[in-house]
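Put together the whole structure using the sequences plus the hints.
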Amino acid sequence: MAALIQAIVSGLVTGSIYALMTVGMTLIYGTLRTLNMAHGSMVMIGGYVSWMLFAGFGWGPLVGLVAASMVAFAFGIVIQQIAVRPLIGRTGFDFEMTAFISTFAVTIVLSNVALQIYGARNKAVPPVIRGRFHLIEGVSVSWHSMVMAAVAITMLVGLGVFLSKTRYGLAISAVAQELDAARLMGIPVGRVYNLTMAVSSALAAVAGVLLASVFFVSPVAGDLPLLKALIVAIFGGLGSIRGTILAAYVIGLLESLISLYFGVKWSLPTLFFVIMLVMLVRPTGLFGRPQEARL
Amino acid sequence: MAAGSDDARSALVREMGWRRPNLFAVAGVLILAAMLPLVWRNDYVIDVALTALIWMILNQSWNLQLGIGGIWNFGQLALFAIGGYGAALVSLHWGSPPWLAMIVGGLAAAAASAVVGIPVLRLRGIYASLLTFSFGEVVRLLVISDESGLTGGSFGLSGVPDLAFGGLSPDARQRAYYWVALALVVVTAVVVHAFIQSPLGTALKALRDAPGYAASRGVSPLKMQVITFGMSAFIAGIAGGFYAHYFGVIAPSVMGLGPMSLFVAMLVVGGLGTFAGPLVGTALIMVISEYLRDYDEMRLIIVGVILLVTIVLAPRGLVPLLQDAWRRLQRWMAEDEAGDRGGPEEAASDPPTASGAGAQEEVTR
Amino acid sequence: MLEVRNLHAGYGQTRVLAGIELDVQEGETVVVIGPNGHGKTTLLRTISGLLTPTAGEIRFDGRRIDGARAESVAAQGLVHVPQGDLPFGDMTVEENLLLGAFPSGSWGARAERIGRVYGLFPMLGERRGQRAHTLSGGERRMLALGRGLMREARLLMLDEPSLGLAPVVVNEMYRHIEQIVASGITLLLVEENFSHVQAFDARVLLLESGRIVREGSVSDLLADEIVMATYLGT
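Protein chains in written order, with the working numbering: chain A, 1 to 295; chain B, 1 to 365; chain C, 1 to 234.
No wet-lab data here; the hints were simulated from the structure.
Fair warning: this is a prediction, and the values are worked out from it, not measured in the lab.
Honestly, I wouldn't trust all of these hints.
[What the hints assert, rightly or not] Sample of chain B residues lacking proximity to chain A, with all beta carbon distances greater than 12 angstroms (derived):
(1) H93
(2) P97
(3) S169
(4) V264
[As the list claims (entries may be wrong)] Simulated pairs of lysine to any residue, SDA-like, Cα-Cα distance not exceeding 25 angstroms:
(5) A:K265 <-> B:L141
(6) A:K123 <-> B:G152
(7) A:K165 <-> C:N171
(8) A:K165 <-> C:G89
(9) A:K265 <-> B:S253
(10) B:K223 <-> A:L280
(11) A:K165 <-> C:G119
(12) A:K165 <-> C:P103
(13) A:K123 <-> B:I301
(14) A:K123 <-> B:S253
(15) A:K265 <-> B:K223
(16) A:K265 <-> B:E147
(17) A:K165 <-> C:R116
(18) A:K123 <-> B:L141
(19) A:K165 <-> C:G125
(20) A:K165 <-> C:E94
(21) B:K223 <-> A:M97
(22) A:K123 <-> B:V39
(23) A:K265 <-> B:R299
(24) A:K165 <-> A:A74
(25) A:K123 <-> B:R299
(26) A:K165 <-> C:Q130
(27) A:K265 <-> B:S145
(28) B:K223 <-> A:F273
(29) A:K123 <-> A:G58
(30) A:K265 <-> B:G152
(31) A:K265 <-> B:L142
(32) A:K165 <-> C:A111
(33) A:K165 <-> C:G216
(34) A:K165 <-> C:G108
(35) A:K165 <-> C:W107
(36) B:K223 <-> B:V104
(37) A:K123 <-> B:M298
(38) A:K265 <-> B:D146
(39) B:K223 <-> B:P199
(40) A:K165 <-> C:G115
Glycine residues also receive a C-beta, built at the ideal position from the N, C-alpha and C atoms.
The structure is reproduced here in structure tokens:
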């Protein structure tokens with residue numbers, strides 16, 4: 001029983017992180033119709049920024065969070081400008097697949113540049129607070145996990161406020177829903193694209209900072225997050241933020257429970273088969289809507 | 001375009017760079033390729049060339065799905081590996097003749113593709129990409145974490161027996177492998193070409209470009225894609241089996257983001273959806289990769305940059321670019337000759353190029 | 001205010017506009033009528049920048065806007081209320097309207113302007129918290145119109161405001177439009193159906209096969225029997 005509760009608790013924490021990691025990807029798809037394969041690299045970059053500040057100056061994760069978001073914000077704009085923007089509006093090829101491949105190329109470059117600069121060895125970053133918090137007999141959560149969940153949830157709420165209450169936040173939603181109408185309102189679409197990529201990348205980097213002490217920092221630290229983010233995003237339905245958040249928690253819990261009852265090794269394959277079944281029934285994910293290809 | 005008429009079909013087919021290849025050119029290239037191990041007696045070079053040939057088989061099969069079928073399969077490497085493991089296991093444990101083992105490998109891959117194919121083929125583009133991509137990763141991770149000894153875990157299987165060449169000197173053995181590989185490349189090319197030229201292939205392309213129209217003509221998407229997918233998986237599996245027999249090992253390191261980036265680069269740089277694309281692209285990237293052999297990390301960075309630059313500046317790849325240039329050259333020369341002779345026909349047979357005439361369409365961008 | 005010279009535009013290989021010449025003076029109301037598929041919507045989309053012309057010039061307040069991006073044309077005060085309304089379905093009525101005032105010049109005044117729009121369309125005010133995709137056809141049309149009025153429009157372009165609406169709703173719609181016109185806005189209106197615009201003191205252009213083939217005042221065209229037979233009561 002205690003093990004079950006423990007699994008649920010850690011599943012919720014995992015779910016929060018997945019939500020933070022993935023919401024950016026779904027936002028990008030909603031506005032840019034691009035599956036951003038470089039999203040995992042942003043997580044990796046978050047980890048490295050956090051490590052560099054710690055190893056270089058002894059600065060803790062709070063500074064890391066701010067710095068990583070700023071760095072990733074910049075990266076997001078750069079990636080949008082070199083890998084996505086040149087493809088918009090051109091004919092003769094399938095935009096979505098091409099953008100998929102171009103962002104894929106970006107991630108290859110970034111991973112290998114990180115490999116070149118930092119080497120393949122894992123770097124370690126200490127957690128925000130050490131120690132665990134004991135809920136009941138046999139159930140405990142590390143303080144760091146609670147911080148992770150708290151930060152993740154705060155950022156998600158912040159994103160929600162941004163998207164529904166601010167001028168540019170509404171503009172992002174507008175571009176995602178009706179591109180032509182948005183343009184007719186004078187919304188600068190190029191700037192919205194940049195902003196979307198930047199914000200999404202920053203969120204991923206924050207996840208990277210949080211995860212840095214749980215997993216190691218390395219050039220391939222973005223690979224698994226990318227896979228998880230893809231799974232969550234598509235399960236929840238690309239473009240739907242609500243769907244993504246719900247999917248994140250479902251998958252976090254599922255992973256936890258599968259690990260508990262079948263062993264960690266089976267969590268990913270089982271997840272894959274679950275996803276496959278879901279896609280058979282709902283080909284566009286839980287809340288996804290069949291989108292018109294339009295870029 | 002009134003699909004169904006021969007004119008329309010050959011126009012369609014030509015647009016993809018699938019014109020009947022100049023047989024002299026093909027024969028010439030083949031002869032040169034076949035002579036390579038005789039002329040350049042360097043083990044290492046032949047090894048690299050052989051590897052390139054194996055990748056050509058794989059990439060052609062991949063091109064069939066990605067480029068022509070419009071199937072977003074990013075798990076092809078897993079199918080390749082399944083073929084390799086299948087062949088390896090069958091020859092290691094059951095002592096099958098390697099030729100048979102390779103076929104078993106191909107069938108294993110085809111079977112796996114059926115499992116993934118059923119959900120994948122109903123999904124739209126990127127959703128399919130996710131499923132196939134995660135399929136590939138799941139297979140890879142499952143193999144790595146396998147402690148049962150069946151797949152040898154992250155070390156893979158070794159000691160895979162030779163292709164029954166018995167009693168040959170190492171040099172001769174390598175040459176024999178080389179020529180078998182070359183033959184496989186040619187067979188694959190012929191099969192793929194025939195497939196595209198067949199009504200099946202035209203239907204596939206119509207499906208990719210104008211699904212509504214194709215549906216109205218009674219073309220069943222699922223059937224088409226299942227056949228394409230299965231065939232492509234079979235070929236990939238054969239390539240995997242061949243790889244296992246030549247190198248004697250098969251390990252999970254053939255899968256994953258690193259190798260995949262190389263192959264995607266080969267396909268894209270060459271030209272997705274074209275006939276010669278996978279061949280040209282593989283050769284080019286292999287050459288570049290070899291030149292950078294000494295700079296290991298830089299190698300992938302540069303390949304990544306090449307992929308990025310190509311996909312952004314010339315998304316259709318090198319082969320269509322060269323074909324456009326060739327066509328323009330021919331037209332220019334034809335104009336030179338005799339004023340109005342050769343003009344209208346050339347212009348009419350020009351398929352629309354990506355650069356377009358004066359970028360007049362902004363539409364809903 | 002708006003000058004269109006020799007405008008050609010189309011989609012891919014299809015040519016739709018074949019040399020449009022058009023002028024709209026400040027304060028005028030210009031109505032473009034004509035059969036469906038002959039280019040009326042394409043004309044508006046080319047002017048507002050959603051479509052790039054293949055030839056010709058468009059000048060707005062003396063500045064060339066042909067080939068300019070829709071965003072910048074909109075920011076210059078050209079408001080295009082498109083066919084089909086294109087509401088932001090998941091957003092509330094109020095959010096939709098607010099976005100109408102996106103350009104920085106209008107954003108500051110958005111509270112005042114939204115008040116004005118609610119005054120003009122009280123029904124929108126009642127539904128301000130509702131998601132746009134739950135609105136009926138007529139309500140969506142008014143939302144689109146209201147959204148367009150959130151900016152100081154130098155030129156307002158309406159694409160078939162009566163499309164798909166029941167006659168009663170159409171009448172109400174046109175009463176609103178008359179009010180808007182009365183406030184002095186320059187209006188370029190596209191309609192297939194001539195009957196609604198008879199009450200306007202407007203210049204009417206007949207667009208056929210991508211060209212303006214007939215021009216005159218409302219009474220001129222009313223007197224033209226061929227036009228009447230074709231377009232009245234369609």
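Consistency of the hints with the structure:
{"no.": "1", "hint": "H93", "verdict": "holds, 24 angstroms"}
{"no.": "2", "hint": "P97", "verdict": "holds, 33 angstroms"}
{"no.": "3", "hint": "S169", "verdict": "holds, 39 angstroms"}
{"no.": "4", "hint": "V264", "verdict": "violated, 6 angstroms"}
{"no.": "5", "hint": "A:K265 <-> B:L141", "verdict": "holds, 9 angstroms"}
{"no.": "6", "hint": "A:K123 <-> B:G152", "verdict": "violated, 29 angstroms"}
{"no.": "7", "hint": "A:K165 <-> C:N171", "verdict": "violated, 35 angstroms"}
{"no.": "8", "hint": "A:K165 <-> C:G89", "verdict": "holds, 16 angstroms"}
{"no.": "9", "hint": "A:K265 <-> B:S253", "verdict": "holds, 19 angstroms"}
{"no.": "10", "hint": "B:K223 <-> A:L280", "verdict": "holds, 17 angstroms"}
{"no.": "11", "hint": "A:K165 <-> C:G119", "verdict": "holds, 23 angstroms"}
{"no.": "12", "hint": "A:K165 <-> C:P103", "verdict": "holds, 16 angstroms"}
{"no.": "13", "hint": "A:K123 <-> B:I301", "verdict": "holds, 21 angstroms"}
{"no.": "14", "hint": "A:K123 <-> B:S253", "verdict": "holds, 23 angstroms"}
{"no.": "15", "hint": "A:K265 <-> B:K223", "verdict": "violated, 35 angstroms"}
{"no.": "16", "hint": "A:K265 <-> B:E147", "verdict": "holds, 11 angstroms"}
{"no.": "17", "hint": "A:K165 <-> C:R116", "verdict": "holds, 21 angstroms"}
{"no.": "18", "hint": "A:K123 <-> B:L141", "verdict": "holds, 22 angstroms"}
{"no.": "19", "hint": "A:K165 <-> C:G125", "verdict": "holds, 19 angstroms"}
{"no.": "20", "hint": "A:K165 <-> C:E94", "verdict": "holds, 11 angstroms"}
{"no.": "21", "hint": "B:K223 <-> A:M97", "verdict": "holds, 23 angstroms"}
{"no.": "22", "hint": "A:K123 <-> B:V39", "verdict": "violated, 49 angstroms"}
{"no.": "23", "hint": "A:K265 <-> B:R299", "verdict": "violated, 33 angstroms"}
{"no.": "24", "hint": "A:K165 <-> A:A74", "verdict": "holds, 24 angstroms"}
{"no.": "25", "hint": "A:K123 <-> B:R299", "verdict": "holds, 24 angstroms"}
{"no.": "26", "hint": "A:K165 <-> C:Q130", "verdict": "holds, 16 angstroms"}
{"no.": "27", "hint": "A:K265 <-> B:S145", "verdict": "holds, 7 angstroms"}
{"no.": "28", "hint": "B:K223 <-> A:F273", "verdict": "holds, 23 angstroms"}
{"no.": "29", "hint": "A:K123 <-> A:G58", "verdict": "holds, 14 angstroms"}
{"no.": "30", "hint": "A:K265 <-> B:G152", "verdict": "holds, 16 angstroms"}
{"no.": "31", "hint": "A:K265 <-> B:L142", "verdict": "holds, 8 angstroms"}
{"no.": "32", "hint": "A:K165 <-> C:A111", "verdict": "holds, 14 angstroms"}
{"no.": "33", "hint": "A:K165 <-> C:G216", "verdict": "violated, 48 angstroms"}
{"no.": "34", "hint": "A:K165 <-> C:G108", "verdict": "holds, 15 angstroms"}
{"no.": "35", "hint": "A:K165 <-> C:W107", "verdict": "holds, 13 angstroms"}
{"no.": "36", "hint": "B:K223 <-> B:V104", "verdict": "holds, 23 angstroms"}
{"no.": "37", "hint": "A:K123 <-> B:M298", "verdict": "holds, 21 angstroms"}
{"no.": "38", "hint": "A:K265 <-> B:D146", "verdict": "holds, 9 angstroms"}
{"no.": "39", "hint": "B:K223 <-> B:P199", "verdict": "holds, 13 angstroms"}
{"no.": "40", "hint": "A:K165 <-> C:G115", "verdict": "holds, 18 angstroms"}
In terms of the numbered hints stated before, the structure departs from hints 4, 6, 7, 15, 22, 23, 33, listed from lowest to highest.
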